[in-house]
Amino acid sequence: MNPAIAFLLSMTFLISIGGLFLMVWGLANDQWGDGQEAAKTIFAEGEIGRAEDPATTGPRRRELQEEADGDIGKLDIDQSELADRRVYDSSSRQPVLWWLTSSVVWLLLGSLFGVIASFKLHLPDWLVGEAVLTFGRIRPAHLNVVAYGWASMAGVGVGLWLVPRLFKTELAGGRYATIGAVLWNLGMGGGTIAILAGFSSGLEWLEFPWQVDILLVLGGALAAVPLIMTILRRRVHHLYVSAWYLIGALVWFPMLFVTGNLHALFTGTEQGILNWWFAHNVLGLWMTPLGLAAAYYFIPKLTGTPIYSYTLSLIGFWALALFYSQVGVHHLIGGPVPTWLATLSIVTSVMMIIPVVAVAVNHHMTVLPRWRMVLISPTLRFVVAGAMMYTFASVQGSIEALRSVNTITHFTHYTVAHAHMGVYGFFSFILFGSMYFILPRLVRWEWPHAWAITLHFWLVFAGFGIYFWFLSFGGWLQGLAMLDATRPFMESVTLTLPYLTARSIGGTLMTLGHIVFASHFFVVLARMGPEREAAPRMMASRYVSEGGEA
Amino acid sequence: MTRVLGIIAGTALILLYATLLLVVMPTIQLRTGENPPEALEPYTESEARGREHYISLGCIYCHSQQPRDPSQAPDMARGWGRPSVPSDYSYDNPHLLGTMRTGPDLFNIGARQPSVDWQLTHLYQPRAVSPGSIMPAYPFLFRETDYLGDQIEVKLPAQFQGSERYVVPRQEALDLVDYLLALDHTYPAEELPQAPEENEEDEEDEEDETGETGETGETGETGETGETGETGETGETVETVETVETVETVETVETGEAGEAEAEPTAAAAAADIGERRPATAGDPSIASADAVVERETP
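Protein sequence lines, in the order shown, are assigned to chains A and L. Per the numbering used here, residue 1 is the first one in the first sequence, and the count goes up by one each step. Per the numbering used here, residue 551 is the first one in the second sequence, and the count goes up by one each step.
These are computed hints drawn from the structure, not numbers from a lab. There may be inaccurate statements among the hints.
[Stated by the list, open to error] Here's a subset of chain A near chain L, in silico, CB distances under 10 Å, partners left out:
{"hint": "1", "residue": "Leu123"}
{"hint": "2", "residue": "Glu130"}
{"hint": "3", "residue": "Ala243"}
{"hint": "4", "residue": "Leu285"}
{"hint": "5", "residue": "Ser345"}
{"hint": "6", "residue": "Arg403"}
{"hint": "7", "residue": "Phe411"}
{"hint": "8", "residue": "Gln478"}
[As the list claims (entries may be wrong)] To be clear about the criterion: a stretch of chain L counts as covered by chain A if any three or more of its residues have a C-beta under 8 Å from a C-beta of chain A, and this derived list gives those stretches:
{"hint": "9", "stretch": "607-621"}
{"hint": "10", "stretch": "626-638"}
[Said to hold, decoys possible] Reference listing, derived: stretches of chain A covered by chain L, where coverage requires no fewer than 3 residues with Cβ under 8 Å from a Cβ of chain L:
{"hint": "11", "stretch": "133-143"}
{"hint": "12", "stretch": "199-210"}
{"hint": "13", "stretch": "247-259"}
{"hint": "14", "stretch": "266-273"}
{"hint": "15", "stretch": "316-325"}
{"hint": "16", "stretch": "331-344"}
Since the model is a prediction, treat every value here as computed from it, not as a measurement. By construction, the Cβ of each residue, glycine as well, lies at the ideal position given by its N, Cα and C atoms.
Required output: the full structure, derived from the provided sequences and hints.
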């Protein structure tokens, strides 16, 4: 027998036995039983039933409350808990602002690169005079800036803000995270310049030279310090779901990033395997846990309802850890890799349906009875849209990994559209929503223009809709054309042109949305714009007891 | 859950397990760098420099270097060559497998388009030789000069000529073309299932072909260089490396489709003019007819 298969079989056996023991231990120690109690830890006493969205206006806020369950009159919030929470929020203010503000700047730059790259695909003679502007440099610059500058920095910022709230204590060692943000930004700047100047390492998702990656590793490690210090000082017994995901992301990303950067030790095919194992895990074990941590916090918090099923979230978390970590090689189906390896990745890709359904049921069943709140609350609209696109992207990903489907979609724009569904549709939408919730809390200034939030949503939602559907369809046709040997290869190129043009239009709309969002963000940061009715009182306890939000 | 340490240990162990399975195991099994095929040469200095340009200009974002098995996709029929095996990449660090085919696979571009002239023109202005292409032009790899000397002139159709001056390649362009021409993996792959006798025959065939430069109508034979791997009588090798999953369907692709996809004789004949176009495993009609364009337009 092939040693690899023998190893696989014995590992499967050991893992199953280990899992069984773990389950018996869990049952014996009542690890499953704390159920709904643990799901309530993010609420103050008497807070359940209160809708909350700092991004809505006064009358809309009352409308929102009507859609939520609770009868405010009967509820008596524990004021000391709310006072504590305000202390937690102010403890994380400086580092969170650093990470979030940086991320918004990278978002603008990354969008610009993205749009340029998109136009270049159907205007191949545009901006070809300089090597710096060639497609092959703008595209990786786009990927790295949005993945590590925008998504990762925003994710860390949201995570840092969640930490003191989840562990119910002040953020300890916040200053380390601030220094971390500075280092990370330096790394981003250096890496982006390196790619544009032609010093890419050549591996997708790992283009930054390793010298630059050292800065990212240091910056990330510094951002993790407050998480660990705060965990050690925690004042909660039950760890809320979001905390698991944050701890998971904290453990996984350094392991991945360091291993990924050891690529020089590998050659040829093995390096390709390492490359795609890493690249997919950046999405699966870094962005996904950060995004889910935020969704698991904001969906219950905004709707004022504990999460639908605590036990399901437990299954969702561990199944995600087990399956997502092995899906990467589905990027090399049909390539020069051992079949057992590709098959393993296909199987785990399909198994991902388990955690995805667990999370989907949890998120959507929490929102469903109060679905009209989505129409009223801009924050919830972003988070719920993001959660829905998580479900969609994941199920699509499982199907796409099947050999028969992959044969068509591999090597085409379809994969690009799918990747955007994950990183943009899911992760970025949740980040937008999170920021709408967090920023007023940090700067004590409300979003001055409700219309700008609505405009932002519809620009990016419509833009991304155009982007995704056109590119997916075009990519699918491209794949079919490539598989038909009777059609010249050039046909698979020319037939995509209308779809690539549509993608540029969608991408432009998304970028416009980002400009609206960023402008609004900086207006709030500078505490400019019209003062809204609740602004001065927003953080005051009296306002909360009157039915405002906390 | 109430235990932070439990979560940390659990998540770390799971990822360790995945790393062992997905990274360490294949590395132990494949050992790519240790047994390079005899027919595969290490990169020369200029080829290695060209490879650096290939990386720095991001060619990988549109071009793969990994033909798939005929049972999965008609990559062979398109003239991209036999399915690649790990040992083909023995000298590749960083790997350039690629995941996009906005443009064609380049694993055998050196065999398919061995003409330096064609490659240079194509880099300077892809649409001059490949109408409909959306590959960016790379004018910054070239310069214009009044004095040609012993430099190579980039031949351009009239409509693409910007000025009266000569367009000549910079060193970067020459290196890059060197690398592209080195992308020739038409030798048989030992890892693929094959019948020993057929293997010998094919080697003879190859010798024959190299003698006949500039041949036009070799449509029937050209498919054969890639053929060695496919017959699949020996079942044993399948276990070690498995790009080949179903061996039965291969037959049809070799003779029938490969022949059809070959260049039309006229276009190929025209192409023979711009450089010695070796028949090799060539077979992308779009490229062949693009050659014809150059032939027609250049004085």
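We went through each hint and held it up to the structure:
1. The restraint placing leucine 123 of chain A at the interface with chain L holds, with a minimum CB-CB distance near 9 Å, inside the 10 Å limit.
2. Checking glutamate 130 of chain A against chain L by beta carbon gives a least distance of about 6 Å; that is within 10 Å, so the hint holds.
3. For alanine 243 of chain A, the shortest C-beta to C-beta distance to chain L is roughly 8 Å, which falls under 10 Å, so the interface hint holds.
4. Hint status for leucine 285 of chain A: holds, given a least beta-carbon distance of 7 Å to chain L, under 10 Å.
5. Against a cut-off of 10 Å between C-beta atoms, the interface hint on serine 345 of chain A holds, since the closest Cβ of chain L lies about 7 Å away.
6. Using the Cβ-Cβ criterion of 10 Å, the hint placing arginine 403 of chain A at the interface with chain L is satisfied: the shortest such distance is roughly 8 Å.
7. With a cut of 10 Å, the hint placing phenylalanine 411 of chain A at the interface with chain L holds, because the nearest CB-to-CB distance is about 4 Å.
8. Annotation: glutamine 478 of chain A was flagged as interfacial toward chain L, and the flag holds, the nearest CB pair being 8 Å apart, inside 10 Å.
9. Interface restraint, the stretch 607-621 of chain L with chain A: holds (10 residues with C-beta to C-beta distance below 8 Å; minimum three).
10. Check result for the stretch 626-638 of chain L against chain A: holds, 7 residues qualifying (beta carbon to beta carbon below 8 Å, three or more required).
11. A stretch counts as covered by a chain when three or more of its residues have a beta carbon under 8 Å from one of that chain; for the stretch 133-143 of chain A and chain L the count is 6, and the coverage holds.
12. Counting residues of the stretch 199-210 of chain A whose C-beta lies closer than 8 Å to any C-beta of chain L gives 6; at least three are required, and the coverage claim holds.
13. Only when three residues or more bring their CB closer than 8 Å to a CB of chain L does the claim for the stretch 247-259 of chain A stand; here the count is 7, and the claim holds.
14. Residue count for the stretch 266-273 of chain A with a Cβ under 8 Å from a Cβ of chain L: 8. That meets the three needed, and the coverage hint holds.
15. Chain L is given as covering the stretch 316-325 of chain A, and this holds because 4 residues of the stretch bring a CB closer than 8 Å to a CB of that chain, at least three being needed.
16. With a threshold of 8 Å between beta carbons, the proposed coverage of the stretch 331-344 of chain A by chain L holds, since 11 of its residues qualify and at least three are required.
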